[in-house]
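Novice: Spelled out, the chains give:
Protein chains: 6
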Amino acid sequence: MAVVVEGIRRADVAAVDGLAGFGVATVHEAQGRRGLLAPQISAIQAGAHVAGTAVTVSVPPADNWMIHVAVEQCRDGDVLVVAPTSESDAGYFGELLATACQARGVRGLVIDGGCRDVAALRRMAFPVWSRCVSATGTVKETLGDVNVPIVCAGQLVHPGDVVVADDDGVATVPRGEAALVLERCREREEREAAVRERYRAGELSLDVYGMRERLAEKGLRYVKQGPA
Amino acid sequence: MAVVVEGIRRADVAAVDGLAGFGVATVHEAQGRRGLLAPQISAIQAGAHVAGTAVTVSVPPADNWMIHVAVEQCRDGDVLVVAPTSESDAGYFGELLATACQARGVRGLVIDGGCRDVAALRRMAFPVWSRCVSATGTVKETLGDVNVPIVCAGQLVHPGDVVVADDDGVATVPRGEAALVLERCREREEREAAVRERYRAGELSLDVYGMRERLAEKGLRYVKQGPA
Amino acid sequence: MAVVVEGIRRADVAAVDGLAGFGVATVHEAQGRRGLLAPQISAIQAGAHVAGTAVTVSVPPADNWMIHVAVEQCRDGDVLVVAPTSESDAGYFGELLATACQARGVRGLVIDGGCRDVAALRRMAFPVWSRCVSATGTVKETLGDVNVPIVCAGQLVHPGDVVVADDDGVATVPRGEAALVLERCREREEREAAVRERYRAGELSLDVYGMRERLAEKGLRYVKQGPA
Amino acid sequence: MAVVVEGIRRADVAAVDGLAGFGVATVHEAQGRRGLLAPQISAIQAGAHVAGTAVTVSVPPADNWMIHVAVEQCRDGDVLVVAPTSESDAGYFGELLATACQARGVRGLVIDGGCRDVAALRRMAFPVWSRCVSATGTVKETLGDVNVPIVCAGQLVHPGDVVVADDDGVATVPRGEAALVLERCREREEREAAVRERYRAGELSLDVYGMRERLAEKGLRYVKQGPA
Amino acid sequence: MAVVVEGIRRADVAAVDGLAGFGVATVHEAQGRRGLLAPQISAIQAGAHVAGTAVTVSVPPADNWMIHVAVEQCRDGDVLVVAPTSESDAGYFGELLATACQARGVRGLVIDGGCRDVAALRRMAFPVWSRCVSATGTVKETLGDVNVPIVCAGQLVHPGDVVVADDDGVATVPRGEAALVLERCREREEREAAVRERYRAGELSLDVYGMRERLAEKGLRYVKQGPA
Amino acid sequence: MAVVVEGIRRADVAAVDGLAGFGVATVHEAQGRRGLLAPQISAIQAGAHVAGTAVTVSVPPADNWMIHVAVEQCRDGDVLVVAPTSESDAGYFGELLATACQARGVRGLVIDGGCRDVAALRRMAFPVWSRCVSATGTVKETLGDVNVPIVCAGQLVHPGDVVVADDDGVATVPRGEAALVLERCREREEREAAVRERYRAGELSLDVYGMRERLAEKGLRYVKQGPA
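Residue numbers (numbering that gives the first Met the number 0), protein chains in the order written: chain U, 0 to 227; chain Z, 0 to 227; chain X, 0 to 227; chain P, 0 to 227; chain D, 0 to 227; chain F, 0 to 227.
No lab work stands behind these hints: they were computed from the structure.
None of the values given here were measured: they were computed from a predicted structure.
Among the clues, some could well be false.
Note that the list lumps identical chains together, so a pair holds whenever it fits in one copy or between two copies.
Claimed, not checked - Straight-line C-alpha distance at most 16 angstroms; calculated EDC-like pairs for lysine to aspartate or glutamate:
#	residue 1	residue 2
1	Lys217	Glu140
2	Lys223	Glu202
3	Lys139	Asp206
4	Lys217	Asp11
Construct all of the structure, not just a fragment, from the sequences and the given hints.
Specialist: Shown next as structure tokens:
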């Protein structure tokens, strides 16, 4: 039942590129705290920050054959999103596949599994978010699927969805909501800029957000420390 | 029963600043191998090294309301120490709270939970030691306590205790023992400096510490490898 | 029954130094996907890359006495490989032991346990691959063994075996196979260099490796995405 | 954006009850190795085996309010499937909620979180599959969703899907495929019954499945152990 | 600095025995959701349920010497509570120590480490709550402390505190609050008995607790599932 | 390089059957605290206790083909010991393979991976020690090795070695040392029987083993608890 879906619809490029200007935490908040991959996925390099459209890959444990198949489906602006069908710490992706990806304009890899050649990946500036670093080799024996909906690190990802990734992890935005979420990110950032200035000036969040009354209603008591 | 204790007594500033000159491993050893937080807590940035006085916060899982309350209790030289009442990988603390903390002179955060906006936290040079990086948002619904004794990463911390943190993790020193532990750190460092020179000159620890006799008593045998 | 084996045979120096030119993933592949330590072992510093001959140490949990004993058995070009007899997150190794190791020409440490003083270890450029960073002190009470076969992170290591370590983790090569594995690494690298160029030129691995036919035989189907 | 979807369509009762006659492993295999929850979810009691229709609940971490809301949506033959929006080890479900569930004919609970009162749950014979046992209390402060698609232990579950659970874990079957998967389970079981008899009679799987030729093609060699 | 504190004050026997009639979850709730050990501690046997007074033991990793010392400090009605100073999976306690404990009237063991001989422990009906089962032997080389405050599985325990343990885990009650918490447990149980009857009669918690209004205020919406 | 070694030498049957009379902890202690598998391996059933001779299997992750190959190499009194070459939570072994094993007199399975059909395995009384329970299916695509030395759960196991397994876990004894270790087990058990009687009579281990003097030498102090 292995299948490769070709000609997927992708989120609007302008919205994707706009979302690249916001952090994962902001994107997550801006869409009502949805779309976040579990924190088991972390960046192999500090400071990388990308947004792209998902080409999804469902792979058998310790078998990276379908990643090779998926590369052909990628085009400029995509991010590969890979999930094994059961947990495995193998090293599915390394410098050669990254070279092939870069040649097609792929912006990065998100994988709920291992990657390897990380020194080379850092030198190439090909950003990867993975479950672990592992040199363990994989085989090319069993089929999987490309561009079907997958669950990656606890998050449902459809092909063509937006993927935003930075030092905080990875968030996805449904293909059809990219423009709306971008708008909300901008609004949120504006609100936060104002708050940031007030904090810098020494104001407390208790006052900026008017929390004191509700804290008192809930029963918070302030007491002085007694004598030693 | 939620409470904020105000006007806590803090460890002596001179002793705290003195302890900032020693690593976590030294502080841990100098007080008889006590006071270390479990290694699940690690630094989000390399090279940060701080000492400060603890403002403690007990928070419900995935609720950061009491951190906002705690900021008001902080003053120059403090370190926020936060422990959820049950394990949670939410992102309790980010760039806005760090801005508020820096405005009050807080030297860093230690949290047995997640933090987010880590790229920004690094840019701001606000040091954080956390259980994980996680963009997951938190709510502001349930009260907790500020400046009560808490258990953070397996370690009992009282408000006003000294917190020392570096790339090795986090150690605490009871408020009343700061000067004594500082003195012992200095003695230990002197002894180690002498040992270091002897090692550099090629001496073996077996001789520097006179271990050979006790090893023999315990029954250690030296044998030559046999022929191939 | 504690024993120190002296005068161990070591892998050929030229082969060891040759293997230092290849990454852990390459060495692992070149010997038929064997010899890899489990990914729980990771580098405390980015970019370190060493090869050396193993001096093996079996230590009781939270007791580093035998590491002191092992230093005497080390000589230029060795790598210390340490495994506790049961899991422990103690900090077995720090800056002082690293100073002693550097004085004897030891190229690095691999330990299925904790290390500490990592800021100093990075400053000294003494590379360490460990299970965790932990400041927890250890005792010197119970004997273990030096230069006996040990299991470290799931991998059997004999004294004198080659140890290769980089950002991907740690691989070992049996002492007697170093030259053969080095030869295979070179062949592999040559093949990969050719593939890399073809990828850069835009060729797909599906064509470079001729995978399309076998994928079709296995039943892979390509379908177009339907209308929205 | 919190929502409760009422009047969900459920899988056909006869198919659900038929699937209760097959183990989780069989159901997983019969639908092409899909639908399995990750093994972090395990049974709190030995020997329980149920099939039912999913009422899905998305809960905030450490907040069980929406489970109370979901009970009203349950009817005879349902199984509650609960997933927190971020990982939490709180105890979301205990004896009182189980009493309410039993009164409505709910056949069991699957939760990617903790449950408590497990001695009572066992006495009541209310079967639970959970991530952990935890007495930690939860709050009722924040909304979530009932009967929306959720990801539970890495598996996408739609309301009305079939849930099969036994000592091996939990599998789901899409609502519309229940009858088809049931048919395949029956076929598989028949094939396995025949194989089982041949194994009992001493035949080897190598012969029953005719594996010897393909093993030889792949290069498997048989060698005799040499002299001691 | 190793010390054994003798003649500790213990919680009132009648209150302790009264608390044995309530589950861990009830005790935890009755004291404001405090006192629970982390769920990494679990029962090695199903159905055990004890309450006793804590004799606390701080042990070095993989060293059980101080447990032998602690047995002498135990008397009828005590529970041993053991915490290593750093994480270790060794098997600190087995059938012989359990025999010694039973001879002194000890009601059970709580240990944030491993136990062994579990088949024998079950036969003897000596209840144990531990972090893991592990046959790994321990040494008797390094001192620790008996009857000092310890942190066990994230919870501060003082000697003489009440320990309640059942299939849900372990809770502690401060020595001076035993009678008060017992009273609250009884009140809670009465309230729950009434609720239980209403649930059995088919009432919903939404009505029993009057939750509907607050849910509506928070914005919960009920929608009908659309056509297929 | 995949190989099946036939005609392996096995430990002496009488010694193996003798060792079945001793627990894993005793066997581990009797051979100098060696031979224990890591506690990640646990029994899927309570009360099973077997000893047998190891038929070892090295399998690729999520591929159980070589287990089928290994069954042919088994004979009465063997225990299958299986280790994946990299970590995987797949379900390698179920009721059908157990049926084939029982037909050949195999006494049990030890696997550093998952098993499934555990309800059936318990009914059949085929004992299994595994890393997890997992229904995830495996493939039959890639070769491995049978009856070569393997590392299973951190322990080196040679074909023909003795495997002892009970509720505490799994221990191995080198083939040539079975009789010696059996003798030591008997001696240990006799010594422990005497100690057990003294404990039952109320004697303390401090006196039975004469520990008081050495504790005093190390500096242990006894103090009375002060007034409240």
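Novice: Take the hints in turn and mark each one as holding or not.
Specialist: Hint check results:
no. : hint             : in the structure
1   : Lys217 to Glu140 : between (60 angstroms within a copy, 9 angstroms between copies)
2   : Lys223 to Glu202 : neither (23 angstroms within a copy, 46 angstroms between copies)
3   : Lys139 to Asp206 : between (59 angstroms within a copy, 15 angstroms between copies)
4   : Lys217 to Asp11  : neither (45 angstroms within a copy, 34 angstroms between copies)
When each numbered hint is compared with the structure, violations occur for hints 2 and 4.
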